[in-house]
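Go ahead and model the full structure; you've got the sequences and the hints to work with.
The listed protein sequences correspond, in order, to chains A and B.
Position 10 of the first sequence, counted from 1, bears residue number 10 in our numbering, the numbering being contiguous throughout.
Position 406 of the second sequence, counted from 1, bears residue number 1406 in our numbering, the numbering being contiguous throughout.
No wet-lab data here; the hints were simulated from the structure.
Certain hints may be false.
Stated by the list, open to error - Distance condition first, Cα-Cα at most 20 Å in a straight line; then the derived EDC-like pairs of lysine to aspartate or glutamate:
(1) A:56 with B:1413
(2) A:140 with B:1440
(3) B:1024 with B:1077
(4) A:27 with A:67
(5) A:56 with B:1414
(6) A:54 with B:1382
(7) A:54 with B:1413
(8) A:54 with B:1383
(9) A:54 with B:1414
(10) A:140 with B:1439
All values derive from a computational prediction rather than experimental measurement.
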Amino acid sequence: MALLEIRDLHAAVEGKEILKGVNLTVKTGEIHSIMGPNGSGKSTLASVIMGHPKYKVTKGEVLLDGENVLAMLPDERARKGLFLAFQNPVEVPGVSVTKFLYNAYSAVHKSEGTGKTSAAFPEILRQSVSAVGLDESFAKRQLNAGFSGGEKKRGEVLQMQVLKPKISILDEIDSGLDIDALKAVSISLKAQQAKGTGMLVITHYQRILKHLNPDFVHVMVDGRIVKSGGHELAADLENSGYAGLLKGMGISFVEDSGKI
Amino acid sequence: MERAVMDVDRSRYEFKTKEKLSVKLEEGLTEKTVRDISALKKEPVWMLELRLKSFQEFLRRPVPTWGADLKGINFGEIAYYANPSIEKKARSWDDVPAEIKETFEKLGVPQAERQYLAGSIAQFKSEGVYYNLRKDLEEKGVIFTDMDTALKEHEELVKKHFMRAVPCTDNKFAALHYSVWSGGSMLYVPKGVRIDLPLQNYFRMNSGREGMFEHTLIVVEDDARARYFEGCSAPRYEEASVHSAVIEVFVGENADVGYTSVQNWSKNIFNCNTKRSLVNKGGKMTWIDGSLGSRVTMLYPMSILRGEGASTSNYNMTFSSEGSWKDTGAKVIHAAPNTTSKVVAKSISMNGGVAAYRGLLRINHGAKNAKSHVQCDALILDDISRTDTYPHNEIYEPTASFGHEASVGRISDEQIFYLMSRGLNESEAKSMVVLGFLDDVLKEIPMEYAIEFNRLIKLEFSKLGAVG
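Here is the structure:
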């Protein structure tokens, strides 16, 4: 049983407070979705959980199985079982997907004390590549360099599948995916859920949620989660928009047009 | 994020050998020094004359000021010749004096010879102490020996080629070299003989204020093939030492020559070398240089493509860290039609190191359809390091085609965060980006070099974390 607990989390970047008290608990095998207007702090939440040095946590805590994640460097968090699928994965020229994942896999599984895991790696990689609907040659390509938007996203899910995290945060994994790719990614995520991975899926659209059928949907506005519900909440949002939904709650809302 | 301090790991080279010397000339450079070296070696008169002419050239020329900072060299304080105490050059490691043999064993030289070399020479200070060549190659007429032996046993061959690719008037350090040269090696490959395994010479300096001036002559006749590999190291001393080699390579028609050099000199060494090849019709010359250590390195391997269809590739990798200034590049002259050249230079600077690319590309009028591509990429690992690029291109032939690309990159915080979020620690993440940066050079070089390079880079960067 894995458990990610986010308690009253406040975080700032360059002195500006973005997260203003986030509370959220994700358990093994649960899919949580976070929706919210542009600039509400969704991506910041993802980066803070993974430990991006740009963000300063000013208050609150993040616990993984009771351990204080905020005191750890990003690589320690990864070895403890956290994973972040990036909205915009960076290019690492000259490093093949295979070489990168082999090293990541070894690093993550080293800490489990499982000893020699590398023998199984080629088969795990081969199966994972095919599971996300990519061609075998993908593994030989340079990490994210020259990837299409869809390939980058599939690549992130591929990495997640290989590394088998306890809790995974997926930041707009659905953006830029065509219908087939969305389906392949969703099938892979559902399979990983069945094996016990808990997920926090950040998205703007209901599309992926129809495939994933999340256990919880949260609405984030201005650095806080203002409403939580079942997956029907996503449908309500699609119909009424954020402004409509919030108006019903007595919250006035002005879209931050400065953010993308 | 805390930035881990990283540097090239030199621990493998940091041991000092207690030496017994039979001859060590007084420090300082005068005409007497030059004459003494020649006399000690019992050289023919023509060689002494070349030395004396070169010495005048050395005196006449000022220390160059257009590149790296050379003010730390005190020519008057350097020992120009020190001969290790050996009775004769050994053909078997068992005959090498114990303390010198141990030195090379620590550096892995005999082991490498057993595993993948066709022949090997080891030089300790001013003189070669060991040389060996596989029997079957010797029977085919291949000569691989230290330069002093070559001059004694193959005088005509040496005389025909010595100072014919690099004249003593080329630059101050070439003039210095020709005044006091000692050691080095000669490789001669007769027409049509193709050697698959590389031949190696390993150079070891062992004290401060020492000069090393080895001369390497590589003559590969028509339709022949050879790969030559050179390694250099020294333990660190406070006093500056000078390494000033000259490498002359003669590539026959349709011959194929590869020269690879990996230096990991200590940070007290001024490393100013002149390397040049003359490439005949259809010949192919490949230069591969990895420059890890030294205080200053100035090195611009040159190919003169003088026969139709001749080609050259030049792969150059440099690492500059604290207190290190690498001023390196490549020179190519296209002097015949249908000649092609390719230059790929990659530099990494960190911890305040300076890396400069300085190149010359000239396509002469009449070199019809000559093709050249130059790529120089720099990676800077922090804000206190520096990189500069000084390409110089002269194209006089209208049918020639020429391309130049240059880039300066940094390891971004986003890259490091991305890799760390997958479980790699910070130094592993940096190491991965660095090796990725070098990848398009590493994958271009022939397999036998790539293996050795990978091994060296992993060894040198082991503090960055192991990357497989």
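Consistency of the hints with the structure:
1. Between residue 56 of chain A and residue 1413 of chain B, the direct Cα distance comes to roughly 15 Å. Compliance with the 20 Å bound is thereby established for this hinted pair.
2. Note on residue 140 of chain A and residue 1440 of chain B: the hinted pairing holds, with a Cα-Cα distance of about 14 Å set against a maximum of 20 Å.
3. Our distance criterion of 20 Å between C-alpha atoms is met by residue 1024 of chain B and residue 1077 of chain B, whose separation comes to about 13 Å.
4. Note on residue 27 of chain A and residue 67 of chain A: the hinted pairing holds, with a Cα-Cα distance of about 14 Å set against a maximum of 20 Å.
5. The straight-line distance between the Cα atoms of residue 56 of chain A and residue 1414 of chain B is roughly 16 Å, inside the 20 Å bound, and the hint therefore holds.
6. About 17 Å separates the Cα atoms of residue 54 of chain A and residue 1382 of chain B, which keeps this hinted pair within 20 Å; it holds.
7. Proximity of residue 54 of chain A to residue 1413 of chain B is assessed by CA-CA distance (about 9 Å); at most 20 Å being required, the pair is judged to hold.
8. With a C-alpha separation of about 18 Å, the suggested pair residue 54 of chain A and residue 1383 of chain B falls inside the 20 Å cut-off, and the hint holds.
9. Distance check on the hinted pair: residue 54 of chain A and residue 1414 of chain B sit about 10 Å apart at the alpha-carbon level, within 20 Å; holds.
10. Our distance criterion of 20 Å between C-alpha atoms is met by residue 140 of chain A and residue 1439 of chain B, whose separation comes to about 13 Å.
This entry satisfies every hint, going by the numbered hints stated previously.
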